[in-house]
Amino acid sequence: MINRRQFLTRAAQGLGTAALAGATDLSLAKDLSGLAMQPEQRPDLNGILGKPHLPAKAKRVIYLFQSGGPSQLETFDYKPMLNKMHGQELPAEVRGDQVLTGMSAQQSSLPLAGSIYDFAQYGDSGAWVSELLPHTAKIVDDLCFVKSMHTDQINHDPAITFLQTGFPIAGRPSIGAWLNYGLGTDNNNLPGFIVMVSTNGGGQPLYSRLWGNGFLPSIHQGVQFRGGKEPVLYLNNPKGLSMDLRSELMQHLRKLNEAEYAHWHDQEIKSRIAQMEMAERMQSSVPDVTDFSDEPDWVFEMYGPDSRKPGTYAANCLLARRLAERNVKFTQLYHQGWDQHDYLPGGIKNQCKKTDQASAALVTDLKQRGLLEDTLVVWGGEFGRTNYSQGKLTATNYGRDHHPGCFTMWMAGGGVKPGMSYGETDEFGYNITKNPVHVHDFQATLLHLMGIDHEKLTYKYQGRRFRLTDVHGKIIKDILA
Amino acid sequence: MDLIQFFGRFHVLVLHLPIGILLMAAVLELYALFFNKQRTKTLQTIWLWGALSACGAALLGYLLSLGGGYNADAVFVHKAFAFAVIGCAFICWFYFCLLSRISSKFAPFITTILCFGQLFLLFSTGHYGANMTHGSTYLFDYAPDPVRKLAGLEAHPTPREKVTDLAQAHVYLDLIGPVLEQKCVACHNDDKSKGKLNLTRLDSLFKGGQSGPAVVAGDLNASELYRRITLDSHDKKFMPAGGKPPLSDIQVKTLAWWIEAGLPQDKLLGELELDDTARSILATQLGLQAAKGSWPLAKTEPLSQTLADELTAAGFVVKQISQDVAYIDLDYSVSRQAFTDQALEVLLKAKDHVAWLNLANSQVSDPQLAALSQLTHLIKLRLEKNPITSQGINHLAGLDQLTYLNLYKTKVDDQVFSALQQLPALKNLYLTETLVSEQALTQWQQKNKTSSLQVIAANYDLMGQNNEK
Chain A
10 MINRRQFLTR AAQGLGTAAL AGATDLSLAK DLSGLAMQPE QRPDLNGILG KPHLPAKAKR
70 VIYLFQSGGP SQLETFDYKP MLNKMHGQEL PAEVRGDQVL TGMSAQQSSL PLAGSIYDFA
130 QYGDSGAWVS ELLPHTAKIV DDLCFVKSMH TDQINHDPAI TFLQTGFPIA GRPSIGAWLN
190 YGLGTDNNNL PGFIVMVSTN GGGQPLYSRL WGNGFLPSIH QGVQFRGGKE PVLYLNNPKG
250 LSMDLRSELM QHLRKLNEAE YAHWHDQEIK SRIAQMEMAE RMQSSVPDVT DFSDEPDWVF
310 EMYGPDSRKP GTYAANCLLA RRLAERNVKF TQLYHQGWDQ HDYLPGGIKN QCKKTDQASA
370 ALVTDLKQRG LLEDTLVVWG GEFGRTNYSQ GKLTATNYGR DHHPGCFTMW MAGGGVKPGM
430 SYGETDEFGY NITKNPVHVH DFQATLLHLM GIDHEKLTYK YQGRRFRLTD VHGKIIKDIL
490 A
Chain B
5 MDLIQFFGRF HVLVLHLPIG ILLMAAVLEL YALFFNKQRT KTLQTIWLWG ALSACGAALL
65 GYLLSLGGGY NADAVFVHKA FAFAVIGCAF ICWFYFCLLS RISSKFAPFI TTILCFGQLF
125 LLFSTGHYGA NMTHGSTYLF DYAPDPVRKL AGLEAHPTPR EKVTDLAQAH VYLDLIGPVL
185 EQKCVACHND DKSKGKLNLT RLDSLFKGGQ SGPAVVAGDL NASELYRRIT LDSHDKKFMP
245 AGGKPPLSDI QVKTLAWWIE AGLPQDKLLG ELELDDTARS ILATQLGLQA AKGSWPLAKT
305 EPLSQTLADE LTAAGFVVKQ ISQDVAYIDL DYSVSRQAFT DQALEVLLKA KDHVAWLNLA
365 NSQVSDPQLA ALSQLTHLIK LRLEKNPITS QGINHLAGLD QLTYLNLYKT KVDDQVFSAL
425 QQLPALKNLY LTETLVSEQA LTQWQQKNKT SSLQVIAANY DLMGQNNEK
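The listed protein sequences derive, respectively, from chains A and B.
Residue numbering for the first sequence follows this note's numbering, starting at 10 and increasing by one per position.
Residue numbering for the second sequence follows this note's numbering, starting at 5 and increasing by one per position.
Only chain A is shown next, with the shape it has when bound in the complex (with noise of 0.2 Å):
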């Protein structure tokens, strides 16, 4: 029975609701119920647009990023001139109006710095490389190089978030939450958006929001493998609760949640259910895919011998390889320590080694699994550096401070033009000459493989409709395959 007090506080309840869910079907609908509409369609899988814009070159995305800002100038733009002119000062019209960073701005001088490493030129394609990347140099044939790209932001962590979001200010979704709100997922028993920071790497610290999803339904975040013997906490059921009773247990809730969003109808206790079931999913799909045992020896030894110990940038880049074997949509790997202010020549040369050997296998090892052909590979940091010494520069010793003006990236694969080189800097190495690449011009690109319109995968939130490239963004056509 139902007394007169519960009887008015469910009939107002009921009103609640069901204006909540007028409001909700008028204006909200499209926009928060990735999960909830049209149910026939299975957009769980297929992404809010149900179908690609156009077919995509690349199905999956595994995006190495170099957290710091590798100098340009010791990996792959090879500028003589800069060792011509060590230590004389930065011409100013080469500098311009370029701001520099308070790290720099009040130095008396500003030395040219010639790198210290030797370039040649490497395969067909005859890319520069510097000696410190030796295994990168085997492979030139099958990278694309962007020489010409550039950012608006000069610190690390707007610059992070510019690339990541398309936006220097934190709060809007990241790459690879768009791409899994658009798109959806090849495979349901993993998220489709995979995050690893590297443990051998430190540095400028990274945040959890670099994943995150932004103001796009909470179930397109970026899930984080930890590094270590353990990527995901509390897989295995605790002990005396076998798996069936785990999964009654599961089935209970789960209506609980449902009977809480048929009050509130808020759609994030639908990404709630969504996560939980994916979590269930991922007590069986995760071990599968970190157990490294089925490994042969050579997998290891191409990949270099960090890759035996979980949580290394080489370990994770085996991991991604699994992943993407796997159909996961975008895996990201972060490897920090490539902000060297000072003492750089040591310092850039131990990140190369912790990284070079891996990345290049990556690629070799996609490339002979046939998956190089669906899968982009990309390769960067978040700026380049100065080709002025920050601090002292000596014989043997110099630094690089922040430098949005140019920066170097490649990417591999997934319908990108193999074995070429797009954009140039001037032989200072400071100011673009040919073909400038901006950040939103490298998203609009990456969408565009991965066939999404990046003027039409948009979002209304606040009144306006966001995209990844807000209101800029240019394909780069002439590097497409």
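No lab work stands behind these hints: they were computed from the structure.
The beta carbon of each residue, even a glycine, is placed where N, CA and C say it ideally should be.
There could be a bad hint or two in this list.
Stated by the list, open to error - Restricting the straight-line Cα-Cα distance to at most 30 Å, the calculated cross-link-like pairs of lysine-lysine (DSSO-like) are:
| # | chain 1 | residue 1 | chain 2 | residue 2 |
| --- | --- | --- | --- | --- |
| 1 | A | K66 | B | K431 |
| 2 | B | K451 | A | K486 |
| 3 | A | K465 | B | K296 |
| 4 | B | K451 | B | K431 |
| 5 | B | K413 | A | K486 |
| 6 | A | K483 | B | K355 |
| 7 | B | K83 | B | K166 |
| 8 | A | K147 | A | K362 |
| 9 | A | K147 | B | K413 |
| 10 | B | K83 | B | K355 |
| 11 | A | K147 | A | K66 |
| 12 | B | K355 | B | K303 |
| 13 | B | K211 | B | K241 |
| 14 | A | K469 | B | K355 |
| 15 | A | K465 | B | K413 |
| 16 | A | K426 | B | K83 |
| 17 | A | K486 | B | K187 |
| 18 | A | K486 | B | K83 |
| 19 | B | K453 | A | K66 |
| 20 | B | K355 | A | K66 |
| 21 | B | K296 | B | K451 |
| 22 | B | K431 | B | K303 |
| 23 | B | K453 | A | K465 |
| 24 | A | K426 | B | K198 |
| 25 | B | K451 | B | K415 |
| 26 | B | K303 | B | K384 |
Claimed, not checked - Covered stretches of chain B, as calculated for chain A (at least 3 residues, CB under 8 Å):
| # | segment |
| --- | --- |
| 27 | 32-41 |
| 28 | 404-412 |
Starting from the known structure of chain A, arrange chain B on it as the hints suggest.
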């Protein structure tokens, strides 16, 4: 000048007022007359408003015409009719104000003449005005031939026969003309020549416009036309202006080729020397070959929802290739079961739709491959990590769209090369960690040096001892 243009452009807005108001006045007058209804006095006011709004529209139209870009004769005709409309509207106002006071047996006759006269002038003015905006042929472009004859126009010209041979294509009539006609001529014609540029004929095209010559033989940078169509699409000077559809990449390349080739005119392509790039561009523009990167298969209807559900239930991840391409991308590799014959049966139901298929790591067997040969639209096929042999691959003969075949870590051996002849479109073949020997691979590569097929096989150095056969 700028302010004049600013106001002038309001002409296209304001002109609709006299059209609506005068039309309403004339129709209501005639209605009252013919159906013997009470005539409302408000009609006097409506006539006055019609006349005044016509004056306003005319004034703004005059300002617009000061900006130039319109054929003087066309402006004159439009203007003359506009004055007539204004005159007629004031006469009507005057007459109908008096009408209540005088009564004559001619009154119904005069009313009829005035109203029909006003309507005729109104529509004529509108028509000649619209001709200036859209071009004088706009109205009857798609009219059936009898209607065109009534309007005193020639019947539709028989369209040029579709070119089937690159060498037989006429440079202007088949290549350049159609591009200009489709994207430029609406604003650059005899009547409306924006920027004093007329692109309907070669001689006026060569004459150029107010920014100089439109095209300069052999010099893309000096060719204003080329510069304008290749600007950033957000640039104020980008053409086609005003958000009209831009030229396609291949159209731009065709014009670039024409300028660089020195602007040949009355020539057939066969008479010119063409390199491979030019051939490919021109053949694409003429529709003789598919554009690079375009979808290679014929259009098809989308897969039915029932079948999609059935495939999903059988363990496939089902995705349509894109919004315009209704073929599907099927993935069984993430299903946790072996590829059963039941799944195969469902797959074969969708055989007209499957373009990409991933059966990696699914215990696919040789006999099942025989059935796969029915999937004739297959472009990509992933069979890696399955216990299949060269005999199985032989069954795939006849998949003549197949460009990508992944046999990584399968049991295929040296015999696999003999099956390749049956797969004419194959571009990428993956044979790493198979039983294919290094010798057989080298031998095949020696024999097929010019083949467009790229074979990625074992990295024998790397695998060293571990992969000894």
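For each hint, the structure was consulted:
1. K66(A) x K431(B): Holds - the C-alpha atoms of K431(B) and K66(A) are around 15 Å apart, at most 30 Å.
2. K451(B) x K486(A): 36 Å, violated
3. K465(A) x K296(B): 23 Å, holds
4. K451(B) x K431(B): Between K451(B) and K431(B) the Cα gap is close to 16 Å, so the pair holds against 30 Å.
5. K413(B) x K486(A): Violated, at about 35 Å.
6. K483(A) x K355(B): With Cα atoms ~38 Å apart, K483(A) and K355(B) exceed 30 Å; violated.
7. K83(B) x K166(B): Violated - the C-alpha atoms of K166(B) and K83(B) are around 43 Å apart, more than 30 Å.
8. K147(A) x K362(A): 15 Å, holds
9. K147(A) x K413(B): Measuring from Cα to Cα gives roughly 24 Å; hence the hint holds.
10. K83(B) x K355(B): Outside the cut-off at roughly 65 Å; violated.
11. K147(A) x K66(A): 25 Å, holds
12. K355(B) x K303(B): 15 Å, holds
13. K211(B) x K241(B): Holds - the C-alpha atoms of K241(B) and K211(B) are around 20 Å apart, at most 30 Å.
14. K469(A) x K355(B): 39 Å, violated
15. K465(A) x K413(B): 40 Å, violated
16. K426(A) x K83(B): 58 Å, violated
17. K486(A) x K187(B): 22 Å, holds
18. K486(A) x K83(B): Violated, at about 49 Å.
19. K453(B) x K66(A): Distance ~27 Å between K453(B) and K66(A) Cα, so the pair holds.
20. K355(B) x K66(A): It holds: about 22 Å lies between the C-alpha atoms, which stays within 30 Å.
21. K296(B) x K451(B): 28 Å, holds
22. K431(B) x K303(B): 23 Å, holds
23. K453(B) x K465(A): 44 Å, violated
24. K426(A) x K198(B): Not satisfied, since the Cα-Cα distance of roughly 41 Å exceeds 30 Å.
25. K451(B) x K415(B): Satisfied, since the Cα-Cα distance of roughly 24 Å is no more than 30 Å.
26. K303(B) x K384(B): 18 Å, holds
27. 32-41: Not satisfied, violated; 0 residues make the cut.
28. 404-412: Coverage by chain A holds here, the residue count being 3 at a Cβ distance below 8 Å.
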